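4 protein chains.
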Amino acid sequence: MKMTSNLHPKLCSRSYKKEPTCIEVGPVYVGAGNPVVIAGPCAVEDLDMITETAREVQARGADLLRGGAFKPRTSPYSFRGLGLKGLKHLAEASRITGLPAVTEVLTPNDVLKVSKYADILQVGARNMHNAALLEAVAGSGKPVLLKRAWMATIEELLFASEYVLQRGNFRVILCERGIRTFEPMTRFTLDLSAVPILKDLSHLPVIVDPSHAVGRRHLVLPMALAAIAAGADGLMLEVHPNPESALSDGPQSLGFEEFGQLMRSLESISAVRTSFRT
Amino acid sequence: MKMTSNLHPKLCSRSYKKEPTCIEVGPVYVGAGNPVVIAGPCAVEDLDMITETAREVQARGADLLRGGAFKPRTSPYSFRGLGLKGLKHLAEASRITGLPAVTEVLTPNDVLKVSKYADILQVGARNMHNAALLEAVAGSGKPVLLKRAWMATIEELLFASEYVLQRGNFRVILCERGIRTFEPMTRFTLDLSAVPILKDLSHLPVIVDPSHAVGRRHLVLPMALAAIAAGADGLMLEVHPNPESALSDGPQSLGFEEFGQLMRSLESISAVRTSFRT
Amino acid sequence: MKMTSNLHPKLCSRSYKKEPTCIEVGPVYVGAGNPVVIAGPCAVEDLDMITETAREVQARGADLLRGGAFKPRTSPYSFRGLGLKGLKHLAEASRITGLPAVTEVLTPNDVLKVSKYADILQVGARNMHNAALLEAVAGSGKPVLLKRAWMATIEELLFASEYVLQRGNFRVILCERGIRTFEPMTRFTLDLSAVPILKDLSHLPVIVDPSHAVGRRHLVLPMALAAIAAGADGLMLEVHPNPESALSDGPQSLGFEEFGQLMRSLESISAVRTSFRT
Amino acid sequence: MKMTSNLHPKLCSRSYKKEPTCIEVGPVYVGAGNPVVIAGPCAVEDLDMITETAREVQARGADLLRGGAFKPRTSPYSFRGLGLKGLKHLAEASRITGLPAVTEVLTPNDVLKVSKYADILQVGARNMHNAALLEAVAGSGKPVLLKRAWMATIEELLFASEYVLQRGNFRVILCERGIRTFEPMTRFTLDLSAVPILKDLSHLPVIVDPSHAVGRRHLVLPMALAAIAAGADGLMLEVHPNPESALSDGPQSLGFEEFGQLMRSLESISAVRTSFRT
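Residue numbers (the numbering used here), protein chains in the order written: chain A, 11 to 288; chain B, 11 to 288; chain C, 11 to 288; chain D, 11 to 288.
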């Protein structure tokens with residue numbers, strides 16, 4: 011497998027560091043062999059819903075809690091999140107359950123504020139090329155969850171991670187979340203080949219977000235299993251107490267029961283994977 | 011999930027026929043719940059190599075034998091297959107092992123000839139839109155393996171199957187083999203979301219060909235497992251006695267040992283799948 | 011500009027033949043410097059409409075008449091053309107006006123029949139990879155209008171032309187008609203960069219079909235002018251006596267008046283082009 | 011032409027404001043009917059080269075001067091521009107020639123600084139989805155040159171402009187610069203259909219940057235002419251005193267002589283366009 015550009019990503023590469031990077035976040039280890047599951051709503055809507063979600067996903071085996079406070083939106087007229095109040099609710103739900111919290115940060119000026127409330131800083135697909143943001147989150151010292159832009163090559167994702175690593179922060183989790191293609195039946199085309207390719211080229215852990223890619227609930231389960239079978243180190247899943255009334259991304263969010271079913275299937279497939287990988 | 015065009019595919023749809031279609035080919039049932047594996051070389055090169063391959067893949071659990079006699083090629087200067095001689099070799103290897111044979115047919119005038127030697131007629135990605143060919147293979151009465159064109163939507167694949175079904179031949183197997191995207195690290199992007207979507211919209215069985223999509227041997231195993239985890243009814247895999255010296259598609263072909271390893275992993279994952287699907 | 015594959019197209023290349031190929035079709039020269047215009051309906055619907063269209067487009071400056079008798083369709087339930095009767099109507103309209111006729115042929119078995127009635131044989135986008143058809147049209151001795159598949163690279167289009175040229179028929183006209191991308195506002199994305207690239211790599215004439223790409227009438231004029239400005243040797247345009255009631259492709263067809271307006275704009279732009287090219 | 015999302019762009023639409031928006035920048039009017047030309051190097055390399063370039067492009071008819079001081083790069087190891095020093099050189103070259111200066115701003119914290127030195131603030135393709143940056147440039151009161159992301163639909167570009175307009179700054183110039191497709195012979199595929207579509211949907215002026223899309227010098231001229239023929243309000247072109255030794259984007263930069271040739275061709279085509287548009 012060859013990189014196409016003259017200047018290669020260095021610090022993220024297997025040739026720089028042979029052993030897989032394992033990232034410790036509170037009680038959780040990302041990249042240690044057992045898949046981790048990050049679950050929660052697209053957006054924090056109020057304290058009750060995020061707390062309820064945290065408890066319910068924890069009861070079904072989730073390892074980390076996600077919830078958006080600052081939401082990037084195509085239209086300025088869409089719901090853009092609760093901001094600071096959302097961060098506080100998320101931190102409270104995290105404190106109650108002990109699940110470490112993951113949330114997105116949109117601009118360098120918010121990094122300090124978000125760092126106070128979250129355990130992992132997410133850089134979303136729209137910001138994968140935002141060097142100023144990548145350097146700012148690097149400086150926070152927090153682990154960074156870096157999503158692939160929907161029209162970024164695998165190599166460009168690795169270069170984006172390099173912006174974080176070269177500032178001395180090696181705690182980067184890569185995330186495949188679907189690329190844009192001509193197929194209209196899914197919001198994006200989940201590129202699961204990226205998983206073994208990234209694992210091959212880089213020592214960083216790789217997770218998959220099937221919810222945004224497929225855009226419809228009943229496709230999330232098969233694609234989540236496929237992601238784990240392809241070798242992913244974890245999943246990021248949208249779960250909502252009441253998907254039909256969600257303020258954003260309702261159609262692709264799982265209810266608690268569906269999430270529970272997915273977790274049970276996942277357990278079996280992870281067991282198999284472990285057996286044939288070793 | 012909605013179709014985008016005014017005229018919908020009818021005969022292939024779940025609303026026309028609710029129960030999944032199971033296709034009997036000699037001793038094999040495609041679409042009966044247990045994944046089937048079609049294995050063999052991209053091109054039949056001589057009698058010995060196809061016979062050896064047939065025996066070796068059979069020993070490791072393959073259900074059907076593939077081998078190309080008429081090869082569609084981008085360049086007229088590339089190797090285009092042994093033609094009739096290749097068909098005869100394939101039929102002989104099939105007779106010896108009892109594995110039903112799958113081979114591609116390129117043009118309506120060849121359908122009768124190919125039907126004499128093969129158990130399943132393959133319509134390749136380049137011919138998915140070739141209505142005259144689809145109608146000719148329909149008329150052969152043989153099962154048809156229909157590959158998705160690399161820039162066809164899921165709906166267009168269903169419409170292509172409709173050309174076969176409306177001639178009274180309902181024995182069609184759909185095959186996802188990768189779509190063309192901007193990502194240069196794989197030949198095509200395997201669209202595994204197509205599997206649950208096709209299973210949802212249609213009663214026809216759906217298999218996956220990971221070899222052509224990823225284009226590199228070591229990516230075939232993870233993507234094959236992912237395909238099965240996503241719900242595929244089977245796999246089509248390129249296997250060659252000596253991939254390094256293959257006349258075509260060498261880099262993506264598995265050797266016998268790699269194929270054996272894949273079959274063992276597959277068994278475990280299929281067992282898990284069966285348990286949680288029921 | 012480099013080709014990506016090991017085996018290059020040879021006979022179509024500038025290194026094989028330096029001077030541009032000019033193709034004589036009755037009184038028309040394609041590739042002689044002055045843009046040619048092929049106009050007519052997507053499908054021949056009856057004798058009156060094709061004769062009327064031929065007369066009207068001729069009066070406004072068209073050089074050749076197009077009209078489909080065998081229509082490739084995504085759905086088997088769509089209108090698929092009048093067949094032989096359509097061919098005869100087209101030939102009659104061509105005889106009356108003296109405009110040479112262009113029509114599509116779908117399968118090798120139809121080549122002889124279509125050759126009797128048409129002056130140029132069109133191989134459509136869906137058949138660009140159909141080697142048997144390319145070789146059959148090559149053998150007809152007629153000029154071939156070869157459309158780029160919506161999924162084909164520029165290099166693959168050149169390889170497809172090579173299938174015709176290597177059979178001794180050098181009278182091939184290449185046609186850009188839009189590639190498939192993620193943009194939903196047009197049916198296809200017209201890739202006008204392909205025009206100067208093809209002219210650079212090959213000696214064959216290159217025309218553009220903006221109608222199929224943009225899919226909407228009012229976008230045809232600007233894209234037609236852009237194609238000529240980019241250096242195209244001609245245009246292929248859908249014109250219908252009454253676009254609103256067309257049996258196929260109505261929304262992208264021009265009426266006679268719109269076609270006349272386009273021809274007047276074209277004349278001015280061609281004059282300018284000639285002045286700065288020399 | 012219909013928008014696909016529920017929430018439409020409002021302020022940028024023709025239904026909100028019927029007359030085309032004309033933007034005054036010093037002595038230049040963008041969107042007034044006559045195409046404007048923005049020319050200059052990808053990156054300001056030193057005072058001499060930017061001053062020389064400014065004088066030479068002015069002598070050949072350029073209306074505005076471009077030059078990058080803050081360069082977004084895929085790799086953190088590539089040249090990222092001279093920063094503040096580059097801004098000062100650009101402003102000096104602008105002062106000497108009287109050509110208004112256009113330069114890119116990468117992050118909200120730089121907006122104030124860049125505004126002091128530039129007449130138009132450019133938001134690049136990588137930042138089209140960066141809401142915080144769009145709102146910051148809106149607040150500067152300067153005209154904004156907004157480039158389409160290579161992964162963005164036409165509708166998403168309009169929504170991005172809406173982030174600026176809804177802050178009360180209506181001086182936005184839209185720029186098509188190529189989208190990412192499967193075609194490897196060009197860096198991006200210039201989507202010229204976007205020009206008439208944007209002009210149809212929005213009152214904002216639309217320019218085209220052919221240099222980044224095609225990535226090779228000799229394709230810039232035909233695509234620049236095509237852009238104007240398609241109705242663009244202007245062009246953005248990379249011009250460098252010595253393209254072979256440019257620190258970035260050399261292969262696609264024009265030398266002064268090539269730029270002069272382009273300007274002469276442009277003049278003729280603009281004259282024609284004016285005649286048939288009225």
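Each hint should be verified, as a subset may be incorrect.
To be verified - With a Cα cut of at most 27 Å, we get these calculated DSS-like pairs of lysine-lysine:
# : chain 1 : residue 1 : chain 2 : residue 2
1 : C       : Lys98     : C       : Lys123
2 : D       : Lys123    : D       : Lys95
3 : A       : Lys123    : D       : Lys95
4 : A       : Lys152    : A       : Lys95
5 : C       : Lys123    : B       : Lys123
6 : D       : Lys20     : D       : Lys123
No lab work stands behind these hints: they were computed from the structure.
Note that this is a predicted model, so its numbers are computed, not measured.
Going back to the hint list, which numbers does this structure go against? 3 and 6
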